[in-house]
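Peer 1: From first to last, the protein sequence lines are chains A and B. Counting in our numbering, the first sequence runs from 1 upward without gaps. Counting in our numbering, the second sequence runs from 1 upward without gaps.
One thing to keep in mind: the hints can contain errors.
Since the list gives no way to pick out one identical chain from another, each pair is judged satisfied if it fits inside one copy or across any two copies.
Said to hold, decoys possible - Cross-link-like lysine to aspartate or glutamate pairs, in silico, EDC-like; alpha carbons within 20 Å at most:
{"#": "1", "residue 1": "Lys-246", "residue 2": "Glu-45"}
{"#": "2", "residue 1": "Lys-42", "residue 2": "Asp-64"}
{"#": "3", "residue 1": "Lys-150", "residue 2": "Asp-138"}
{"#": "4", "residue 1": "Lys-65", "residue 2": "Glu-45"}
{"#": "5", "residue 1": "Lys-65", "residue 2": "Asp-15"}
{"#": "6", "residue 1": "Lys-55", "residue 2": "Asp-114"}
{"#": "7", "residue 1": "Lys-49", "residue 2": "Asp-64"}
{"#": "8", "residue 1": "Lys-109", "residue 2": "Glu-89"}
{"#": "9", "residue 1": "Lys-24", "residue 2": "Asp-64"}
{"#": "10", "residue 1": "Lys-151", "residue 2": "Glu-89"}
{"#": "11", "residue 1": "Lys-151", "residue 2": "Asp-25"}
{"#": "12", "residue 1": "Lys-210", "residue 2": "Asp-224"}
{"#": "13", "residue 1": "Lys-42", "residue 2": "Asp-25"}
{"#": "14", "residue 1": "Lys-150", "residue 2": "Glu-89"}
Since the hints were made in silico from the structure, they are not lab data.
There are 2 protein chains.
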Amino acid sequence: MKLTIVKIGGNIINDSNALISFLKDFSKIKGSKILIHGGGRKATEMANKLGLKPKMVDGRRITDKANLEVVTMVYAGLLNKNIVARLQENNCNAIGLSGADANTISSHKRIVKDIDYGFAGDVDAVSSNVIKILVDNDITPVFCAITHDKKGQLLNTNADTIASEIASAMCDVFDVELIYCFEKKGVLADTNDDDSVIERIDSRSYLQLKEKGIIAEGMLPKIDNCFYALQNGVAKVVIGLPEIIKNKHLKQTTLVL
Amino acid sequence: MKLTIVKIGGNIINDSNALISFLKDFSKIKGSKILIHGGGRKATEMANKLGLKPKMVDGRRITDKANLEVVTMVYAGLLNKNIVARLQENNCNAIGLSGADANTISSHKRIVKDIDYGFAGDVDAVSSNVIKILVDNDITPVFCAITHDKKGQLLNTNADTIASEIASAMCDVFDVELIYCFEKKGVLADTNDDDSVIERIDSRSYLQLKEKGIIAEGMLPKIDNCFYALQNGVAKVVIGLPEIIKNKHLKQTTLVL
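Given these sequences and hints, build the entire structure.
Peer 2: And the structure:
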């Protein structure tokens, strides 16, 4: 049976009209589906309002205790529940989850090497049994990027990684397609040319693209997540604009082993 | 099959040690169980920090758009997910839910008569099918007091009412015991004497207690919720301190039809 797993990031979440339109399209995806959403600007706005200064190192948020409270409120509360309510309006029977819920995603606090990321979680395991029960009952899980360490501690976790881990865990039973939506039409050969989409990347060409510096920086962990999913048996992984979920003919990047 | 439904309010939520201790006890309840939690001080604190002024009329919070955001963040995010993570630590496989999740509780925006309560929801229906699937799979639902109108709008809803509605919806299949935990040992005959617990209230004595003004104000809707549940087939309803979940011999008020 087919299972479509879609990850959306800040670019859609920050634009409420784009989000509403996306959720309408997402609701129309036939068959079983799962949504994973990132955070967006709202957590930073909230932290600012509360007088907190978000610390960033190498583009990653350092999650101290106060900022963990903020992301828990914003990701698991405000964003997740509004997304769920909107999907319900569109007759998609969504259920919002963090990794703590039904112990779906357990993680450990990132080990301190050079940088102390604070309450950042690295995924240990996805318990797919409950996710499968939900999906089998026509319920659509909607995950925010908060996990737990099974010792009572919530942890802020990368949403791309969560998508890849869930996809990997579900593909023993389902024929999984993993779709990463972001602000570009796909992986670009030239970051200054939005139309320079590399339509197909395999393990070999990925190595070359890295060596040449064509794929670099923030795209590296994203694509590593894609290959991780493929290596674990995910049937198809694509990267592109949110619109690719309704129009498969749009330009996009397809990744293969 | 037995199902224990426990509602906790602000008094436990505001005291993190009391909450941790309660959740440990709750985890030990044998058989199927559901937890419903209220809000507590944290939402007011957060609203104050954000420069919002919570409006109260007759002890009820008026939920404008900004305050709805706050309660959604605090109830469905911060409190709900921390409670779930803590229950997971205690080997209770909890899943946190708002009424929007899996459309478990639908409501409508309270109709304006004398007071406009803003985004306050009055419950229309509990969809017990998904709750039953969860409970049948040894998962413990943990509800916050946020519902939805099925048109994409989240609504702030009374937690006592949610507990009563869920209990009523579940009692066609389960033998339901509903436990309201609050800051007193039970319903008091004399509000100045914490030991003056009325141990048993039936429909007839409730009328008399109301007429005499012994039960008044904030206790009235609480007890109305209890009788609503009993009238709908809930087997047992009790009110008392949080400790009654582990020690059935403690003083408490039992309500019967």
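Peer 1: When the structure is checked against the list of hints, which entries are broken? Sort them ascending.
Peer 2: 1, 9 and 13
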